[in-house]
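Participant: Residues per chain, in single letters:
Number of protein chains: 2
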Amino acid sequence: MRQTIRLIRVVRGVHANKFANKLTSPMRLSIASKCAVVAVNSGQRRQYASAPTGTQVVKLTSTMYPDVVRDERFGKITAEDIEYFKSVLAPGSVLTAAEEDLSGYNVDAMRKYHGQSQLVLKPRSTEEVSLIMKRCNARKLAVVPQGGNTGLVGGSVPVFDEIVISMSLMNKIRSFDEVSGILVADAGCILETTDQYLADRGYIFPLDLGAKGSCHIGGNVATNAGGLRLLRYGSLHGTVLGIEAVMPDGTIFDSLGKLRKDNTGYDIKQLFIGSEGTLGVITGISIFCPRRSKVVNVAFFGLESYENVQQAFVRAKGELSEILSAFEFMDTASQEQVARFSELRRPLDEPHNFYVLVETSGSNRVHDEEKLQTYLEGLMESDIIADGVLAQDETQVKNLWTWREGIPESLGKSGGVYKYDVSIPLEELYQLVEDTRVRIQEFGHDIGTEGSNVVNVVGYGHLGDGNLHLNVAVKHYDKEIEYILEPWVYEWIEKRHGSVSAEHGLGFAKKPYLKYSKDQSVIELMRQVKKVYDPNGIMNPYKYI
Amino acid sequence: MRQTIRLIRVVRGVHANKFANKLTSPMRLSIASKCAVVAVNSGQRRQYASAPTGTQVVKLTSTMYPDVVRDERFGKITAEDIEYFKSVLAPGSVLTAAEEDLSGYNVDAMRKYHGQSQLVLKPRSTEEVSLIMKRCNARKLAVVPQGGNTGLVGGSVPVFDEIVISMSLMNKIRSFDEVSGILVADAGCILETTDQYLADRGYIFPLDLGAKGSCHIGGNVATNAGGLRLLRYGSLHGTVLGIEAVMPDGTIFDSLGKLRKDNTGYDIKQLFIGSEGTLGVITGISIFCPRRSKVVNVAFFGLESYENVQQAFVRAKGELSEILSAFEFMDTASQEQVARFSELRRPLDEPHNFYVLVETSGSNRVHDEEKLQTYLEGLMESDIIADGVLAQDETQVKNLWTWREGIPESLGKSGGVYKYDVSIPLEELYQLVEDTRVRIQEFGHDIGTEGSNVVNVVGYGHLGDGNLHLNVAVKHYDKEIEYILEPWVYEWIEKRHGSVSAEHGLGFAKKPYLKYSKDQSVIELMRQVKKVYDPNGIMNPYKYI
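Chains as they are written, first to last, in our numbering: chain P, 39 to 583; chain F, 39 to 583.
Mixed in with the good hints there might be a few duds.
One copy or two, either will do: identical chains are not told apart, so a pair holds if it fits within one copy or between any two.
Capping the alpha-carbon separation at 27 Å, the derived lysine-lysine pairs in DSSO-like fashion look like this [as the list claims (entries may be wrong)]:
1) Lys172 x Lys553
2) Lys210 x Lys533
3) Lys114 x Lys178
4) Lys568 x Lys172
5) Lys332 x Lys355
6) Lys549 x Lys178
7) Lys114 x Lys569
8) Lys549 x Lys513
9) Lys178 x Lys569
10) Lys533 x Lys553
11) Lys332 x Lys436
Please keep in mind that the hints were generated in silico from the structure rather than gathered at the bench.
The shape of chain P in the complex, shown without the other chains (with noise of 0.2 Å):
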């Protein structure tokens, strides 16, 4: 059932109460016709993936990083192993690099890493999975195990010459309760098909990330993926429910249970959740999903300061309460880089320092456009907003979340991006932006300028969350400004005690820098978590920890 589409401007100036008496019923919003207030069906929008897309060589990750050498306890492939493993798998799950370009599976989204496996294997059970493992943990050849292959952290393509296990031919809904609304699938489920399928059935997968067409289930898993909703349906420590995983020595981990509440030991498939292929190969997953909202709406403003981000969000946990499904911010730095890609129309006409893009998702159209205009009313009484559309219709929801979700992408165009995925307590997320321009300016670096590396330095993110990302984009990586960079910028995370990654995890790229989130004693039981289950260390190495 499709919405009616009424458009309302909120503008600067105009007092709210008159705004109150005017809009205090839905059906009168269309008078003013210079005001936007929307509802659609439940958010489809468009997508995208944060990858650069440029064609240049990407250097091999072991000449950029030549102190990271190949670990010597590490087999290396026989003709004997492919064979095995071309008579236990089916026709076409073994890819050589002998007989084809493996370069997809060995070069990672941001075209900044480069590993040279020699062998791609493409299970299509976990059984088949297993044996593979077998293999490998006898004969200690190292795996990566493969996703979408959407990471930002390097972690999902091999350093060196480990195997790739590629789960994209494990893409089974196994089971959905409609009751229940607990879905059961393979791993290699890609995130937006899976979501897809749920809203056919009334439901949604309580995950949504800008990779969606391309990331697995099993790896928004293994890689603990947070993305726009966590602040709604909550981190999947939460949600999912279940786990199978294939061990490094091959054994099935069964745990792949279909219950809310299950008090019965230890919680071991936590362990997998955020592990990064390090533990075993997740091979399936269960996970309770939330009903898909009937309405959504989408509003966007512009703010003169982080403290009114701040105020708007206080302003939206309390008004907007129980139908709050997103609530994302924006600096103008990172708006203009938007447009000056984009073919879109700005959303405001003027410019401001901050922009926040909020979602409500609820199940009553009346109900949630009183509260959001209430909300907005409010902002606007107290000059915490400057400007604002309330959008629309499916297409403007969509144009909407392009100046949020095209960032990445319109970044990524400059050449190369230093992007920093943190969680910082909110009152001093942004400072981290300003000093970041400050300091690269310090060290002689124009920004932005013709002559200049530095394009563009970007703060956005998941507000709700604490999530601040840091973007630098450089027309070309640079030792220099990595210098600068770090691990300045993850002693500055440490002194506020916050995380050097908040949602992308670890990886090779942030491997150096876990001691500045994570205490030593804490390290330690983590390190004897790795030891006990992956003893030969065949796991993802050079990675995580």
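Given chain P's structure and the hints, the job is docking chain F onto it.
Facilitator: The following block gives chain F in isolation, referenced to the frame of chain P:
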């Protein structure tokens, strides 16, 4: 702010459309004097501990379970040990059996297990816990961490002479951030006190259960408590952001983060959630607290079949959606049991086979009442519910909750209760209660007659979580009844891939039955974790795994 009181009774036979016409505006609800819609401030209710209150002597666990023998590897407490503990702890923190009655620490809330500890330690800081554990580990003295001692599986009391580490003096709120809603507090804070602290600031602890006046938040985390609002706020695996714990060797595990997102390594703290004191002593927690809902509504209705109960649940998910905060069901036997010991008038005049309590929590009274009204009218129209009250002011809300929360207490008055807290796929959930009645009768026992030991067999629980409480009330515990029920109940659950302990945990009582819920591959990984983190096995022995 006290909400206006309105009282409406939903009466079977009144045509729903007529209802709808009359009641579309919340302002008109009061016209129907026989019906009840009620809004109150965020639900404070009467609380219930589920503990029987008998004064009978509780037999020693070692007598009742002669097969369980003391582990001879463990040291015995010496005068030097006691001197040492007195030297490092504050005065009054070392309680010995020679000087005090320790039965409150040795006997569990169910009055079913009775340990023989001669020493109770009450540390006041994490550092003191660390000093205690260093000594215990060096001397191989076994310990039992104890919170409010409200557990239902004998997990919080000693079996033999283990030292009790009572957390009751570690009860400070460490910090609360009113913007993010993140609370950091000592493990020994009482749940209700903590929730009241949050209520004063407009927030809610994301967990509620009957024993809240006594249980500790550290114990809640250690046992992964589920409770009444899991369907709204999710599991502790999703809401707990950080844990501070003391490991068996005295090392302080410092993972007390205050970040909603932190993907830096294995989420080790998850292992402590639900570990029941077998890995370390939880001393502090950090938890994400949602905003407290401004409006709470409660409806209570009668239904004729379990199928109707399921239908009402599915509709509640769809129509009450984001405001649904509890969906509890009770069978007629459970309600008769409460009625036997209650002075309250029963909510519905006529008896029904099943009863449901629905709670909504939202931010807008008018919206919430409208949703609830529409929902109930729909149920009436479809003949899903037979009768109902849509309750009222705080007193009425408390009274209605009594008919759910008073069940364990009323059962306990008979003598003893065999309690089964299980997860089963929804469609078969109530079948277990019926099959249990048949089985007991097949073995020649009447239910509820004067000459029979079996007083009642009741089913109730958190339908929204697929969590059934099957309770068999007896005049006195009797091995014959136990043998009729066990392992038969567990085998019944195993066939349905359910859980033998949905939320109560394993403790001493369920340890032997773990295999009915967990695959051997999973149990093996649990054992490895236990062995590596607690090599001497001194943490809460004879239990769990």
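Participant: Please flag the earlier hints that this structure goes against, numbers listed from lowest up.
Facilitator: Result: no hint breaks.
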